[in-house]
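Participant: Here is how the chains run, residue by residue.
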Amino acid sequence: MITKKDVEYVAALARLEFSEEEKEEFKKTLGDILEYAQRISEVDTEKVEPTAHILPINNVYREDKVEPSMDREKILKNAPDSHKGCFRVPRVI
Amino acid sequence: MLHYMTAHELNAKIREREISAGEIVRSVADRIEKLEDRVGAYITITADRALEEALRVDDALARGGKLPPLAGIPTALKDNMCTENIRTTCGSGILHNFVPPYSARVYEKLVQAGCVLVGKTNMDEFAMGSSTENSSIKRTCNPWDSERVPGGSSGGSAAAVASGMAAFALGSDTGGSVRQPAALCGVVGMKPTYGRVSRYGLVAFASSLDQIGPFTRDVRDCALVLNHICGYDRYDSTSADVEVPDFMSGLERGIKGMRVGIPSEYFGKGIEEGVRERVTDAIGVLEGMGAVCDEVSLPHTDYALSAYYIISSAEASSNLARYDGIRYGYRAQDYSDLVDMFVKTRSEGFGEEVKRRIMLGTYALSSGYYDAYYKKAQKIRTLIKADFDRVFKDYDIIACPTSPTVAFRAGEKTDDPLQMYLSDVYTIPVNIAGLPALSVPCGFSQGLPVGLQFIGKPFAEHTLIRAAYAYERSTEFHKMHPQV
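Chains as they are written, first to last, in this note's numbering: chain H, 501 to 593; chain G, 2 to 485.
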């Protein structure tokens, strides 16, 4: 049901990579789980609305008011690489 | 045995100056020192800090100051709740060095109430698992039998409370991660209604299902802790702006005349005989106290697990996209460009089960499969919720097992993800429907604890607490402790 190509396609979307051995393993476990999950297709849901969220909440708005935010230096302490108050990443352009 | 006292007992003793907060925290710190190597409940221990805070409580009391309501109570938090300046790993290699610049709302609230943090507890990586074996940090043993798992994903919190290494603990419950380990370790565990407790500062797994809840040694403590963690928070727009009652009031009103639904689907194939017997005995006890128990049906139960794994994995794949090695956490050493840095960072940083869920969720959301999986699962969600709504028209609560089995052996289910998922089959429907539910000890099978689950109407935690308290008063199970 799940091919090696599927595994590679989904892995690329998820920004993950796997060894050949792991791909074989995923073919099996993902296939098994999806086969089990497929049982929901038995249920007639023609007239059923989907529920995304259990509470009757839609958009929650607030006043556009300036408030103090977290300390920049403190946040950057967790960054693997930073430079002059910014996060540093490999060259993009 | 100071370390096995409940928070409400400790509270009274501190106030009556029978015992000092310092003595209490020291007894728990000694207990951790003695047992942690064997139990493995903690990722980070903060007992030294807790002791300093306890001494300040004693100082304040000596000077005749007014104490906050939970002053000096030794508390543990699952390691997916952010604690400012205290490492928060989420049981993951990708966050092994993360020191949050802010605190989760629940932690702030508990600190305000006077609680002292003794440590951050072990968990399945990103709360994905049912045995705590998916932690990238360490293994946690079940205090009742070291060869068995404590359940999961909040296994460390459950084991800490069961073995006297904290007076109470918080966990998070996305598909049963508070209730199932509470059942397997013989303590009380509650998942409040979705939205009851702010998720601000809780590392997100599946945002429409996640909810924080307490592990306590009795039901009164469960009510006490709930009183201090519930409520609307403008930093969590999904938290509910609903009045929070005093959960301690009405505790002793009993359950005479309470209508209890017993769902036949929760006693079907897969349940261990010993679990069925204990839960059936417990229902007999409820009837003996005047509750009216009838068999009811939740016909879509069989589809809940499938819907859950699609919805939770889809939400997880989206939530975990943030781990890119830029702002915090692990970054791979060798990479060729930006995208390769993302790929290597994530592939090296995440464990096997987390990658499996990300893959499953990404697949379910990908073009061409969205309708068949994700949208379909959300329709099943509507049906599962409707099942509960129907039962709650005629019944006040539902009573059933928390887990189909007692604690299983370490390694028993690690090679078969589906078997592992099945251990949450009785807890998952509750998250899908956003309901409150509680697990209370109801006896032993093979020498291991069994949990009785009560499920309630939205925002009716007080009814669950009242029922569980009445049941607990008629048993001795909450007074039994493991020989660790």
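A couple of the hints might just be wrong.
Pulled from the structure, derived: some chain H residues nowhere near chain G, Cβ distances all over 12 Å [stated by the list, open to error]:
| no. | residue |
| --- | --- |
| 1 | D564 |
| 2 | V566 |
| 3 | K584 |
Result set (SDA-like, lysine to any residue): computed pairs, CA atoms no more than 20 Å apart in a straight line [unchecked claim]:
| no. | chain 1 | residue 1 | chain 2 | residue 2 |
| --- | --- | --- | --- | --- |
| 4 | G | K139 | G | K386 |
| 5 | G | K376 | H | N558 |
| 6 | G | K386 | H | R539 |
Hints are computed from structural coordinates only; laboratory data are not their basis.
Where a beta carbon is used, it is the ideal one built from N, C-alpha and C, also for glycine.
Participant: Determine for every hint whether it applies to the structure shown.
Facilitator: Cross-check of the supplied hints:
Annotated as non-interface, H/D564 keeps its C-beta farther than 12 Å from every C-beta of chain G; the closest such distance is 14 Å. Remark: the non-interface label on H/V566 is consistent with the geometry, its nearest Cβ contact in chain G lying 16 Å away (cut-off 12 Å). Here H/K584 stays apart from chain G, with its beta-carbon at least about 16 Å from theirs, past the 12 Å limit. The hinted pair formed by G/K139 and G/K386 fails the criterion: a straight-line CA distance of about 37 Å is larger than 20 Å.
Distance restraint check for G/K376 and H/N558: the Cα-Cα separation of roughly 19 Å lies within the 20 Å cut-off, and the hinted pair is therefore satisfied. Of the pairs offered as hints, the one joining G/K386 and H/R539 holds, with about 18 Å between alpha carbons and a cut-off of 20 Å not exceeded.
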